[in-house]
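Can you build the whole structure from these sequences, using the hints too?
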Amino acid sequence: VLVPSAFAYNDKVAHPWYATLGFNRGTLANAVKPYKKLRKATRDDLIQANVNPITSILGEGTVILGQETMQKRETALSKINVRRLLIEAKKFISTVAWQTIGEPNNATTRGQLESIINNYLEGVRRDNGLERFRVDFSDDVNTPDVVNRNLVRDVIELVPTKAVEGIQINFVIRNSGVSFND
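Residues 1 to 182, numbered by my numbering, are exactly what the sequence shown covers, in order.
To be clear, the hints were calculated from the coordinates, so they are not data collected in a lab.
As the structure is a computational prediction, the values presented were derived from the model and not from experiment.
Treat the hints with care, as some may be off.
Claimed, not checked - Simulated restraints on C-beta separations: (1) S138 - I173: 34 to 40 Å; (2) Q168 - N128: 17 to 23 Å; (3) N50 - I173: 33 to 39 Å; (4) P4 - K72: 22 to 28 Å; (5) G111 - V1: 46 to 52 Å.
We put the CB at the ideal spot given by N, CA and C, even for glycine.
Written as structure tokens, this is what we have:
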């Protein structure tokens with residue numbers, strides 16, 4: 001019941017493409033206490049099984065520590081924040097694309113549509129949702145055959161920003177008297 005409230009909070013303070021996990025956006029403030037405190041090995045096993053652990057962290061409260069989807073194959077799409085990014089982008093682009101229905105099928109219309117989509121995706125990139133993107137409404141995609149069928153085609157390539165899901169710290173202990181070089 002509390003996990004949807006974490007998503008709502010995430011969207012209020014950040015964007016849907018930010019991961020709803022960890023102490024900044026994954027804390028379940030109103031949770032009483034998890035039934036069982038999970039050790040790190042158990043949490044790692046759950047994540048490997050595509051189950052997002054929710055556990056109590058001493059001094060921090062109850063927190064979501066995963067963002068796996070049910071997808072078995074490890075790709076960008078196996079992360080909830082990337083799925084939510086795609087849902088948001090698809091909604092925006094679909095809405096804009098529908099507004100071109102009935103307009104002339106020419107380079108001007110395609111150029112306007114490409115410009116609107118580029119501006120939107122650039123905003124998502126600035127807001128840390130994308131590393132990079134490419135939008136292609138070119139004549140290579142919109143061949144005369146495509147235009148003659150009264151269609152507009154587009155190729156949109158997205159490279160989503162990855163979320164930090166773990167931190168690895170290596171400690172090196174040295175004998176006293178060692179100097180460190182910058």
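Evaluation of the provided hints:
Between S138 and I173, the C-beta spacing of about 58 Å breaks the proposed range 34 to 40 Å. The given range of 17 to 23 Å is respected by Q168 and N128, whose C-beta atoms sit roughly 22 Å from each other. For the pair N50 and I173, the beta carbons lie near 37 Å from each other, so the given range of 33 to 39 Å is met. Roughly 25 Å separates the CB atoms of P4 and K72, a value that falls within the hinted 22 to 28 Å.
A hinted range of 46 to 52 Å for the beta carbons of G111 and V1 is consistent with their spacing of about 48 Å.
Of the numbered hints stated above, the single one contradicted by the structure is hint 1.
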